[in-house]
Amino acid sequence: MRYLPSRWLSIVTAATCVAALVVACGGGDSRSRKSIRGRAPEAASTGSQGGGAQASGVKTIDPANSGTITGVVRWAGAAIKPIALDLSGNPDCARVAKETVYDETLVVNADDTVCNALVSIDTADVYAPPAEPAIVDQVGCKYVPHVFALMAGQSLKIKSSDATLHNVHYIPLGDVNQEDNFAMPAPGVRERVFESNDWIKFKCDVHPWMVAWCAVRTHPFFAVTGTDGKFTLNNVPAGTHKLVLKHESLGEQSVSITVEVGKVATQEFTLKK
Amino acid sequence: MQVRPDGFDVTWKWWLPPAHSSFGDDVDLLFYWIFWITMLTFVGVEGLMLYFCFKYRRNPARKTIYTKGSHSLEVAWTVIPAVILVALGVASAKTWATTKDPANPSFPQEFQTTVKIIAEQFAWKVTYPGNDKEFGTDDDFTETNILNVPFEPTNADGEVITEENVRVLLSSKDVIHSLFIPVLRVKQDAVPGFLGNVWFDCQRATYAGPDGKHLTADSKYSEDGRTLVDWEESYEIACAELCGLGHSQMRMQLKAVPRADWEAWVKVKSDAAKARAAGG
Amino acid sequence: MSTTAAAPAPGAATHADHGAGHGHHEMSFLRKWVFSTDHKVIGLQYLFACIFTLLLGGLLALMVRWQIAYPAGAKPSAEQVQEWKSQGLSGAKLDEAIANFDGDKPFPILGELLWGEELSKADVNAGMVGEPGLFGNSNGMMPAEWYNVAFTMHASVMIFLVIIPMLTGAFGNWVIPLQIGAKDMAFPFLNGLSFWTWLSAALILCLSFFIDPAGISAGAGWTSYPPLSGVVTPTAGPGQTLWCIGVILGGTSSIMGSLNYITTIVNLRAPGMSLFRMPLTTWSAFITSILQLFATPVLSSAMAMLLFDRHMGTSFFLPEGLNFSGVDIPNAGGGQVILWQHIFWFYSHPAVYIMILPAMGIVSDIIAVWSRKPIFGYRPMVYSMSAIAGLGFVVWGHHMFQAGMNPVLGTTFMISTIMIALPSAVKVFNWLGTLWGGQITFSPPLLFALGFVSMFVIGGLSGIYMANAPFDIFIHDTYFIVAHIHYVLFTGSVMGIFAGIYHWYPKMFGRHMSDGLGKLHFWLTFVFMNGVFFPMHIIGLGGYPRRYASFRGYDFLAPYEGMNVFMTICAMALGLCQIVFLFNFFWSLLAGKKVTSDNPWHANSLEWSTTTPPPHGNWIGPVPTAYHGPYEYSHPNCKEDYAPQWMPMQRVYADAAAPATAAPGASGAVGAPPPAPAH
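Protein chains in written order, with the working numbering: chain A, 1232 to 1504; chain B, 1056 to 1335; chain C, 12 to 690.
Next comes chain A alone, as it looks inside the complex (with noise of 0.2 Å):
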């Protein structure tokens, strides 16, 4: 007698393991596309970024209603040499960089103003992110621009234009953000969003001098010196704010300031070692 007929046995076992199986990683599947959600860029333009705090007092720029505030950062230290960084070590990057990388740690201007100084205003307004994304380029094996800002919830486009490889691990030193370590494609692009004010560092581990650090705030009031030191943050409310310099190796100043509607205000800052 065949107590167990054959087809059934293998049919059913069989159609047991595979469904538990698929359930189960159709379930995570779901999942993952939230989360995917969560950090993708499209996502940003939802309004689903930044939290609570964006719906319910998104604030608007009002032109009619704000002055400006422009400045300069000088250098009062003891001159500084710029220090050449021996790529010797990594083949690729002594091929893929057209020109000497230097040490980018303190950049001094020629007229001793400061380059790479972050100036913002601190305040927990929040704005909406613009539509267009920030770039941040990796070429010649060093990150262009070393020093840039963004608003929580705008697209960030982190870009390698180097046929080496770099990998992309940014640090926040805020507690919103998360970490994250990735491989860039070579070249490629890839996007992120953050959260919420940070001062994130940027760094590609296989090529230890290549630093960048990103500014993420709520609101669009901040400026990052160039190679003339000058700063200019436009549509800013008027009343008094505190105005905040921050740099990655000297730290960071604040005063108050007081804005007119209409009028400019200047602000100086000194920086030494």
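Careful: at least some of the hints might be erroneous.
DMTMM-like mimics (lysine to aspartate or glutamate), calculated; alpha carbons at most 25 Å apart, straight line [as the list claims (entries may be wrong)]:
| no. | chain 1 | residue 1 | chain 2 | residue 2 |
| --- | --- | --- | --- | --- |
| 1 | B | Lys1228 | C | Glu331 |
| 2 | B | Lys1118 | C | Asp652 |
| 3 | B | Lys1180 | B | Glu1198 |
| 4 | B | Lys1228 | A | Asp1334 |
| 5 | C | Lys116 | C | Glu90 |
| 6 | C | Lys104 | A | Asp1368 |
| 7 | C | Lys132 | A | Asp1368 |
| 8 | A | Lys1329 | C | Asp113 |
| 9 | C | Lys86 | A | Asp1368 |
| 10 | B | Lys1171 | C | Asp339 |
| 11 | B | Lys1171 | C | Glu331 |
| 12 | C | Lys132 | A | Glu1330 |
| 13 | B | Lys1322 | B | Glu1288 |
| 14 | B | Lys1180 | A | Asp1334 |
| 15 | B | Lys1180 | A | Glu1330 |
Selected chain A positions facing chain B (Cβ under 10 Å, derived; list incomplete) [as the list claims (entries may be wrong)]:
| no. | residue |
| --- | --- |
| 16 | Leu1316 |
| 17 | Ser1319 |
| 18 | Asn1321 |
| 19 | Pro1322 |
| 20 | Thr1395 |
| 21 | His1400 |
| 22 | Ala1414 |
| 23 | Cys1435 |
| 24 | Asp1436 |
| 25 | Val1437 |
| 26 | His1438 |
| 27 | Trp1440 |
Non-contacting residues of chain C with respect to chain B, defined by C-beta distances greater than 12 Å in every case (computed) [unchecked claim]:
| no. | residue |
| --- | --- |
| 28 | Val92 |
| 29 | Ile109 |
| 30 | Asp134 |
| 31 | Ile273 |
These are calculated hints, taken from the structure and not from any lab test.
Being a predicted model, the structure only gives us computed values, none of them experimental.
Where is the CB? At the ideal position from N, CA and C, for every residue including glycine.
Assemble chains B and C onto chain A, guided by the hints.
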């Protein structure tokens, strides 16, 4: 394909890379012994199997041999391989002791050069003790992914003229890495929390410098003393222990050069480090 | 040595009752097919689940191979550049052509699904971004961090979800009680629990791919050396935690299973089935179970410690001063990195034998049946398996020659490791002795068994290179070890698994698999697997390190590009030709030729004495008696070339002595009801 100006091919294909350390040939000799023993065994066993498969394929006309084994055969094919294997083990123990056991007389008595490598994700930080040959002083300097050592000159018979043993103190600041120098038959894990060490000597310089080409501080370096201009060739060093997503990018260069050149290079670097320490 | 069977355990008595009254009490569908406690159903559940996980592990392997052959960052070949020059390109135009050269190849289909649309390099250089895939967007190419996931999960799936459960779960379960004449396992409920624990481990490992948006599951290698695995980082995040939990569950399942097998084999053997009358498949399962029972708890405890290090602030494996990319690890201090390696390999080296011994047993049985010969040196076979198991516990240090150990200890581990080649050699010689003078029929099971023997020779011999400490320093963590482990585990264990499936399929399902397709499957598999794995020896000798996402940038690896492409093509072909097997397996379930005899291969061991497929309780009526050993093939006094264990020798002799009158009785072994037990 990479061929140096002196005609030496620094790449290799489909076989062991050339061995440039004093113990490299001993290691390779062990390989060749094992190679021939295993080859013979392989051909013998597979050949016998194929022969049996052919000869004893199903044929009802032939009488099947009924046997449950043979005591003497079992003893024979246990004892003979055992003898061969033990002999191999004993032969290997000698080379092992030379490379690893400080109590062994053939282990180097003296290390002419010592460097310290602290690995990290994903780079090698090589610290040289500088002019004073002491770690922890102002003239120490640290290079990324550059391991320069003096090479060990030998005469035509392969005898060492001047000993140039290099000791590498090895550790890591994050995960386990492994220092793998194929041409020297060296591999040693860089274990965090533990300062290990490994030694080697490199008997083949990465460039054949005639005396006139010896470096001097002013002729071979760029202004800030950072770029080597003449030492173009190098041996490759890889990371052999999975250390994360940049594992395959942890490449370091080994340059083995005449001692005079090496000392000139160390002096430039060391002086610069000392100047920086004094200025800052 | 006891030659009498132990008293039946309570479970057996219950099943004897079943036997008397079976068919009258019907179990619910769920109890019978899903939450079953019948060892055969559980064995088949393992079998089907493992075929699924085998596909998953195989797919991951193909993705790994694809990445090695076609990593990102390909540069145009010299010929290509020459061609551009001959087309008149020069200067900036030529530079642009080189910059836009697109040598990347995403993995077929899946590449774009997982990692986004493939864009041409010119488009990327122009700043375009394609549609993202499930795991993000990197132009369809697998990023380096996912490559680490791919090989980690390939190994984990193959080891914990395919080979161990297939050999001990599927074959161990299905074969042991039938071969020793037991009605079921000693602890049927524990047996079912073991399967469901294992299945939850499998589900958790599958889930770990989807807990991170970029699909980052465990990526620290299946060896998961801390601190890489012991600190929570973006590349060792929740996926790594799930992996640890999954492995603990898998280990728990193994422990339950092995406890069950040992108890069953010790207590539930049929009358007359002394230990040295057991077929070698059962012997190997017995020895493997003992190995598992001793080794697996060690792995589970290691995993628990790792979890504590990751999430509870302990530092078993984290030394002081750990600093990841400038960030100090707060709980690090006082731990030993090497401690993990000792604990891990104390399990994982025996695990290698857990994964090969059962295959050795299966292959021994199959060779005896298909060459119609008694096993040459049955007891030496048993002793050598025991020796392998015993020595397996004292060789773990050979994984750590380059990690930094006392040189004297290194010498000890080298000698013990070299000596483990000895019992392996004895086994090979005995298999050859079994073939000698036989009547060899080249059926699919035998082809796979012979494939196992011939490939195990390569895997065993290459082990001697690895055992040799000074030379191991050079080939450690290169492709040589990858070749070695795959010759043992793929061309060894997996061949053993296939052999077992082809051999027992008719008894399992009452239908035959197609012989022709089986042979086709064998030859395709045999050719392509050597095409994949043999060149690994050669690139390993060249010093090609394992676990490299890309060989670009290394001059000394450049000569192996062509060989890597060749291996990848072979791997894809190897994967595709398993379709032949899948088709044969599933088609034969429905439309295979029905078996006409309960003992189609004229084999001797007890599983062939019962009806096909075996009923609940394994035998209708009482269990058979084992009258002699399982390998009485071609006995000179017998007319038939086999003497089943369940028939007394005298009866077979008598048949031979009076062939004219007793001819029907002689073939009574085939299809006839089993004889009554002696008492």
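Hints and how they fare:
1. Lys1228/B <-> Glu331/C: Between lysine 1228/B and glutamate 331/C the Cα gap is close to 10 Å, so the pair holds against 25 Å.
2. Lys1118/B <-> Asp652/C: 11 Å, holds
3. Lys1180/B <-> Glu1198/B: 6 Å, holds
4. Lys1228/B <-> Asp1334/A: 23 Å, holds
5. Lys116/C <-> Glu90/C: 19 Å, holds
6. Lys104/C <-> Asp1368/A: 23 Å, holds
7. Lys132/C <-> Asp1368/A: Satisfied, since the Cα-Cα distance of roughly 16 Å is no more than 25 Å.
8. Lys1329/A <-> Asp113/C: 22 Å, holds
9. Lys86/C <-> Asp1368/A: 21 Å, holds
10. Lys1171/B <-> Asp339/C: Given that 25 Å is the threshold and the Cα spacing comes to 22 Å, the pair holds.
11. Lys1171/B <-> Glu331/C: Given that 25 Å is the threshold and the Cα spacing comes to 19 Å, the pair holds.
12. Lys132/C <-> Glu1330/A: Holds - the C-alpha atoms of glutamate 1330/A and lysine 132/C are around 24 Å apart, at most 25 Å.
13. Lys1322/B <-> Glu1288/B: Since the Cα atoms of lysine 1322/B and glutamate 1288/B sit roughly 21 Å apart, the hinted pair holds (cutoff 25 Å).
14. Lys1180/B <-> Asp1334/A: It holds: about 17 Å lies between the C-alpha atoms, which stays within 25 Å.
15. Lys1180/B <-> Glu1330/A: 24 Å, holds
16. Leu1316: 8 Å, holds
17. Ser1319: Given a least distance of 6 Å, the restraint on serine 1319/A holds.
18. Asn1321: 6 Å, holds
19. Pro1322: 8 Å, holds
20. Thr1395: 8 Å, holds
21. His1400: Since chain B brings a Cβ to about 8 Å from histidine 1400/A, closer than 10 Å, the hint holds.
22. Ala1414: For alanine 1414/A, the interface hint holds, since the closest Cβ of chain B sits about 5 Å away, which is under 10 Å.
23. Cys1435: 9 Å, holds
24. Asp1436: 5 Å, holds
25. Val1437: 4 Å, holds
26. His1438: Holds, because the Cβ-Cβ distance from histidine 1438/A to chain B comes to roughly 8 Å (cut-off 10 Å).
27. Trp1440: 8 Å, holds
28. Val92: 16 Å, holds
29. Ile109: 20 Å, holds
30. Asp134: Correct as stated: the minimum Cβ-Cβ distance to chain B is 25 Å, above 12 Å.
31. Ile273: 27 Å, holds
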